[in-house]
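Visitor: Sequence:
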Amino acid sequence: PYTFSEVHERVNLVWNANSTVTYEQRRTWHFVPELSKGTLDDQVTNLNVITLNAAHFLRNTYPLLRPLINIFLKTDGSLLWKNKPVRELLFEGVKDPLLDLLKTINSTSLNIPFDKFGWFVGRNLSDTFDGTFTMRTGADGLESMGFLTQWNGS
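If you use the numbering used here, the sequence shown corresponds to residues 18 to 171, in order.
Keep in mind the hints are simulated off the structure, nothing from the lab.
Positions of the beta carbon are idealized from the N, C-alpha and C atoms, including for glycine.
Heads up, some of the hints might be wrong.
Claimed, not checked - Straight line, CA to CA, 25 Å or less: simulated DSS-like cross-link-like pairs of lysine-lysine: (1) K112 with K133; (2) K101 with K120; (3) K133 with K120; (4) K112 with K101; (5) K133 with K101; (6) K54 with K101.
To be verified - Here are the computed distance ranges between Cβ atoms for each label pair: (7) N100 with R140: 19 to 25 Å; (8) N35 with R140: 29 to 35 Å; (9) G163 with W136: 53 to 59 Å; (10) V31 with W98: 42 to 48 Å; (11) R83 with N35: 53 to 59 Å; (12) H73 with H25: 31 to 37 Å; (13) N87 with N63: 17 to 23 Å.
Full structure from sequences and hints, please.
Guide: In structure tokens:
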């Protein structure tokens, strides 16, 4: 019911001597209200991804923390489902006290690179999220034009 237009733009282009071009891709999403059946402020029910991932991670590790996490989840009321505005679930992100708690655990097996959860947090207008692409330009022959030769240097 929520419609967005998506624009892909190649940015930071570097033309290489070997008939390739290296670039990053900026993707931009714009909400299109006239094609949508609701607004970005609508409350929707979504799986509580933070809780599900925490349960998966903790199932075989940190046995001493399990009772604390269980108490925390019951107090917070954030078990399996959460009602949040569309805008937070998609782009702005949802602050979650469990996420904050998990970030305090000093563990090499638990690397949490974000402060909020959202399906597209950090992606809208990002030049770097999709990585760096190197593609053949076709200058050495049209049959090779558009072939991806590297992504993130590999």
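Visitor: The structure should be examined with respect to each hint, and the outcome stated for every one.
Guide: Now for the hints, and whether the structure bears them out:
Of the supplied pair hints, the one linking K112 and K133 holds, its CA atoms being roughly 5 Å apart against a limit of 25 Å. Restraint check for K101 and K120: satisfied, since their Cα atoms lie roughly 22 Å apart, inside the 25 Å limit. Between the alpha carbons of K133 and K120 the distance comes to roughly 11 Å, so the proposed pair stays at or under 25 Å and holds. Of the supplied pair hints, the one linking K112 and K101 holds, its CA atoms being roughly 11 Å apart against a limit of 25 Å.
Note on K133 and K101: the hinted pairing holds, with a Cα-Cα distance of about 13 Å set against a maximum of 25 Å. A C-alpha spacing of about 17 Å is found between K54 and K101, which places the hinted pair at or below 25 Å, so the restraint holds. Between N100 and R140 the beta carbons are some 23 Å apart, a value that agrees with the proposed interval 19 to 25 Å. For N35 and R140, the hinted distance range of 29 to 35 Å is satisfied, since their beta carbons lie about 30 Å from each other.
The hint said 53 to 59 Å for the Cβ distance between G163 and W136, and at roughly 29 Å that hint is violated. Checked against the hint of 42 to 48 Å, the C-beta distance between V31 and W98 comes to roughly 46 Å, which is consistent with it. The hinted range of 53 to 59 Å is satisfied by R83 and N35, whose Cβ atoms lie roughly 55 Å apart. For H73 and H25, the hinted distance range of 31 to 37 Å is satisfied, since their beta carbons lie about 33 Å from each other.
Under the hint 17 to 23 Å, the C-beta atoms of N87 and N63, about 22 Å apart, fit the expected range.
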